[in-house]
Amino acid sequence: MRYAETGYNLEIDLATGNIERVETDPKMTELHLGGLGTSVKLHWDRVPPETKAFDPENLLIFSSGILNGTPAFSANRTVVTFYSPQSDLLAYPMMGGFWSAELKYAGYDKVIFRNKSPKWVYIWINNDKVEIRDAEHLKGRGALETQDLVRKELNQPNAQVAAIGLAGENKCFTASIEQSRSSASRLGGGAVMGDKKIKAVAVRGTKDVNLARGAEFMEHMKGVMEYINFRNTNPIQDVMTILSGIGSPQEMVHTDEKWHTENFMWGNARTRRRGFWDEHISKEWPRVQKEGIKRLISCFNCPQHCGALISYKDTPRYMAKCFGKLTYAMAAYVDNMDFAWRTLQRATEYGMDSFSTPQIIAFGIELYEAGILTDNDFKGAPTDKEGRFVWLLDRVARREGIGDVLADGVYYAARKIGNGAEAFDHNTIKKHEQLPLKLSTLDPLYFLMYSTNEKISITQIEGNWPQAAFPTAEQRERFVKDWPQLPDEKWKQILLEWEPRGEKGIPYFPTPDMCSEIVDWMEMLHNIDDACCVCAGMSSFCLKPPYHIHNYPKIISAATGLDLDEAGLKKIVNRSRNLHRALNNRRGMTRADEKPPADHWKRRFPELEEELLSTYYKFKGWNNNGIPTRERLEELDLGYVAEDLEKRGILKDGKN
Amino acid sequence: MAKIKKTIKTIKVDADKCNGCRGCEIICSSFHATPKYSSVNPARSRIQIIRHPLKDIWLPVFAGEYAPAECMGRDKYVIDGKEYEECAFCRAVCPSRDLFKEPDSGLPLKCDMCEGEEEGPLCVRWCLNNVLTYEEREEEVEEQAEMAEMEIGLESLINKYGLGKVADTVARMTQKN
Ligand code: SF4
Ligand code: SF4
Ligand code: SF4
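Those sequence lines, one after another, are chains A and B. For the first sequence, the positions run 70 to 725 when this note's numbering is used. For the second sequence, the positions run -9 to 167 when this note's numbering is used.
Treat the hints as calculated values from the structure; they're not laboratory data. One or more hints might be untrue.
Below 27 Å or equal to it, Euclidean Cα-Cα: the simulated DSS-like pairs (lysine-lysine) are [as the list claims (entries may be wrong)]: (1) Lys382(A) - Lys72(B); (2) Lys291(A) - Lys45(B); (3) Lys66(B) - Lys276(A); (4) Lys363(A) - Lys100(B).
To give an idea of the chain B side of the interface with chain A (calculated C-beta under 7 Å), a few residues [stated by the list, open to error]: (5) Ala5; (6) Ile16; (7) Ser20; (8) His22; (9) Thr24; (10) Ser29; (11) Leu44; (12) Leu49; (13) Ala78; (14) Phe79; (15) Ala82; (16) Tyr124; (17) Glu126; (18) Thr159.
Where a beta carbon is used, it is the ideal one built from N, C-alpha and C, also for glycine.
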């Protein structure tokens, strides 16, 4: 019997309509665990590196993780993997919600799509019965609307449905996959789904997921539960509210947005508006936020309240989470929350990433104001900034006129438009729009995170280490006192010595060696979450989380029957992480690509930055070009990867 | 029949606090697995969350009595401007739908208040949003035949014919109805 996992994948060839239930090799679980880990392996093995996002060979994989469907709190991520049309690398956006557990109960760990369907279809997975169904009648429907239409058509109120909207149908590079209150948003998964002509994937399962040592597993869960209760009643002191609790950012609960609105940039990551959160706004925005929220909701098996059902005035109902509540208003320089709720509804039904999309539109409007785009491009646009912004959003989702160019994202649009537009592309890394943040002094930890992670999106790399030094020694003492999640006591000393400025402050402290260890640790935690499909909000993305390196091996062992200790678990995720890197190296990624935008910090330190990167590469076992060495690969049982990289001339003499 | 004193065990549901996480379904189904906690399957849970997210319905419902036939008259409810069939929130194990039936055998499920668990109902403890509150009260009731009788009856059938056969027959009958 297989434990925690089902031991079966669903293989669907969209061109022929062939559907197969394929037993997986238990050895793969031992080597890569599950979720992102085993998915990376499939992409490495089965998709040639020359494959482009919209080639039929590009695999689109919806995967559960090793802990989905078990009683592990907050294990509800679905990780979607594909070669991205935007970065041209292996992307892995994740969504919360309810889909992956349902897939497990239907008896599958992953759904693997290959080739393209000749006409619009949706997939219906109901335990052993799997059908490809006609979806021509759903074409043009909203991403959220489609989920209910599919449930109704199937007469299956409990089916979980992931769907794309118009943006996905039109292969916009920022198209998301929407599901319940969640979405897999970044890097164009919706576009790849649209390219394959899959409008939706619906799943319902009523089978068992087995646990190897259930009683022991529940004992560990009791501990996790107690800690969740403890953290929910004892927020961390001395940090801003948004960082004080557990869960993904509690953006639906919290109404005080002084920090986001005054520290994040408005427009095309352009303007910082100090003093924005004034007397009037600080009453008005919370009022409108509360007016829109009908109920606070969670993902599968999670006690938190990161999401909300939004029922705002005459706007059709939808569900929201996270920072999406602010991104559209801030990108449009619109000082009211009414605009935010309305625009987010529209964008959610279109199925668009609410981080990238607002920046793309703000970028378009900047180009217009700079005279690079003309009245001709904006023919028919309203003249007020609200109307113009929404008009452009519509053009992008529909790929009409200038919207067609912008729909490829800032990087490609800038190059297509030319005429100086490239200079306005000032917030992308590896062709992908980043958080709208512009800061003063280089932060060595963030420099490494921005530059090197395969996620290409900072929010999914950081987490366990405080974002900044605590101002007073007393605060530092308080923070380290109760920090069981740390892998090593010696790190407490780093935090105690770390000061906001001066010799023991950024950019020179923590030192490159310390930074390497800390960043590697944070990244590793994310990779464990990604293999388990546990929400990073309850683990790697927050300070002092319920899941950490000391309890994870026990939890995973009790669930799967694998006998894992900390070193064993680390080795597995390092293996998958290095395979992922090699895969991206094989697609052309090198050191030259690993750099944050030039204006991300005002004060840059080129020599130090090079030293940071070189030190970190070395720590990782990568050569100076950011490619895993043969030695490192062999250590991780990835000799076959070294061979492949050498054969292609990517890895030379086992070193460069 | 004579009046007797009886401890009524109830779980109070404060549905407004429910965030729809389905944690209660998970713990109920794993507690009732054999061996205990060896598997999870919310479809076997004796509590089910009736979910209509966009209609703002997240309603925990406990498996109630077995109903041999479906109701004759069915009322309608209007909540938050939306209309629902009465069946939408009913806790009976009824031939008109699959709710509260073992997915493989079709046998009825019933909330047993986690019999045998010293610390009381698991779903109550596992719901971290305080939606579910366990309450006990004494009541004078007519002495009457308990549902447990059906279980005894079933057990005798199972002893005689084996679980598989009984399950198959029930499943077949359910389908016919
Ligand atoms: S912490 Fe928030 S985002 Fe994470 S699983 Fe829970 S409800 Fe979902
Ligand atoms: S565990 Fe509580 S909050 Fe979660 S679905 Fe059940 S009743 Fe609702
Ligand atoms: S009280 Fe026990 S048997 Fe009843 S629904 Fe809750 S967990 Fe299930």
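Self-check item: Unmet hints by their number, sorted upward, for this structure
Solution: When the structure is compared with the hints, numbers 2, 3, 4, 5, 8, 9, 12, 13, 14, 15, 16, 17 and 18 turn out to be violated.
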